[in-house]
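Q: Chains as they are written, first to last, in the working numbering: chain A, 1118 to 1333; chain B, 5 to 119.
It is worth saying that the hints were derived from the structure and are not from the lab.
Calculated Cβ distances over 12 Å to all of chain A for the following chain B residues:
1. Q12
2. V53
3. A56
4. M59
5. T60
6. E63
7. K71
8. Y72
9. E89
10. R90
11. V91
12. S93
13. R96
Some, not all, of what chain A presents toward chain B, calculated at C-beta under 8 Å:
14. F1150
15. E1152
16. V1155
17. A1156
18. Y1251
19. H1255
20. E1261
Computed from a prediction, not measured in an experiment: that's the story for all the values here. The beta-carbon is built from N, C-alpha and C at its ideal position, and this holds for glycine as well.
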Amino acid sequence: MPEHSRAELLLELADDELILGWRDSEWTGIAPFLEEDVAFSSIAQNEIGHARALYELAARDLGTDADALAFDRAPEEYRCSPLVQLRLVPDWARTIARHVLYETADAIRIAHLKESDDVELAGLAGKIEREEVYHRLHAEMWLERLGAEERVRGAVDELWPYALGVLDPPLRPRLAERIGRPEVEAVERTAPGAEFAELWDEMTMVRRSAPVGAQW
Amino acid sequence: MIWEVFRQERKGQPFVHGGSFHAPDKAFADAYAREFYARRQESIALWVVPRAEIMTIEEFPDEFDLKYRRVDGYSIKARLKEARERVGSTERARAEMPALPASEREEQRAGTLES
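Okay, chain B solo, but in the shape it has when bound (with noise of 0.2 Å):
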């Protein structure tokens, strides 16, 4: 019986995986992980795994090329600079819009609310 060992170095950080032994019962895998393991203060805790009880999926059918769900789908770099001269331009509209008196300014607003 194969088993798979993560160990943690320190607290708060990831278990990650450290080899793996044969033993024939949780008593021998208990002792074995211990000796190969920690026996150097090497790991604060480890996660000892029977082998056969890790789920693997490693089959991910990708047949229409569903880039864009990634973050690295597509440049998101022209796209910035686009919404960058967008935003840019309004502001600049508004910048060279005759400033309204403060109540009108109040009104338009709730306008906007209500709609």
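Pulled out of the complex, with its shape left as it was, chain A reads as follows (with noise of 0.2 Å):
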């Protein structure tokens, strides 16, 4: 495996939880229930906050900010996985299947780099850990509920291939333990679809359509 420089590694990181944040705002105002609503759209919130963290310390190493890093790349540089760029509306099933198998590789690949010997680094991801705690028990109390409808069961097999792909190769085998699941051939970070151009089009219009020189 080639060995991540800092900034790739958090670029990686911070792509995969902002656009995870968008694919989960889409529910705000359609959840199946408002409760719910207003929680998933918290969570939305939440990762995009870690989004923004991670940015920023990336955004130092490149020396650029976290704005720049985050909406003036053309689509095809961002590396965020596949997993979180599918459009899973109206689909509840498949985006709880996703919010579980997204939150137990985060969790994995957190607690990994809570022990790196980047201070910063480490320092951050024990931050992140304390919100992705909830983010955990709100996945599993719908796995929970749902686990065991067809529907959901079927998302998970489709999704996790895509599961898989969000980690490094070496962390691999510790979801496939968590999830109960045989290693497959995993959908590698490869340049983004035509589905992540949409969304990056609609990500980006603000910015690109602010006048030179604004200021946020």
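Put the complex together from the two separate chains, hints included.
A: See the structure below:
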């Protein structure tokens, strides 16, 4: 496996959190019931908050700023995993399957980063983890409720290769163990597809339309 | 299933009713209560209770108008005034009495205790 630079690693993580935050926020106003609408929107917002913190750290290494990394790159420069790019509204079963798989994979990744020799990285991972605990509880309670349903089981089958692609290969056996499934060929991070381009267009529209020199 | 939330803003303060929400079980109630009532650090603790578990009591018959049992049941002002006047008059009477020698005062007090 080629060695990542710190900035590359941070961008993968940040892009995952940003894009998942956007995808999850597509449920705002149309989640299954009011309470869940508020809770899921709040989780989406948390993910974007994590993305910001990760971009800020990467921006220092790269001599730029967080907004430029989040919104000024071309669509093909994003490194987010295919799992987070999928547009899943209005399918709540697939959304819950992704939520459970992503949060489990993310927990493994964050735990790994917490052990990093890089104090900044380990510290940020610790902060992110304190919020992710509640995302996992949220994912687990939904899995508990819907996990036996045919549609959710099917969605987990479908998304399993995508979930593996969230993690670097050395961490994948841990995910397989936690989810209780055999490792299969993962859907790897490649240049994002057409579905992502559409999201990118929407996501960067405001920033692209701002007059030159606008401050946020 | 409806859950009622009571929130405490600061240590030592009483829990105050904050509102209610729907959740199918305890795990969902836990998640939603955190999101709705503590996400912005606006509470330091929450009580989350199924509404059905709360005993509501709202009938309190008062057929005989027993308002004297309440602190505001009768005017204490008039009674206080009366009492003060009574005390004032005895004090005046005592003050007007000739002073007894110390030994006799002791005897008098001991006598009161015995009786």
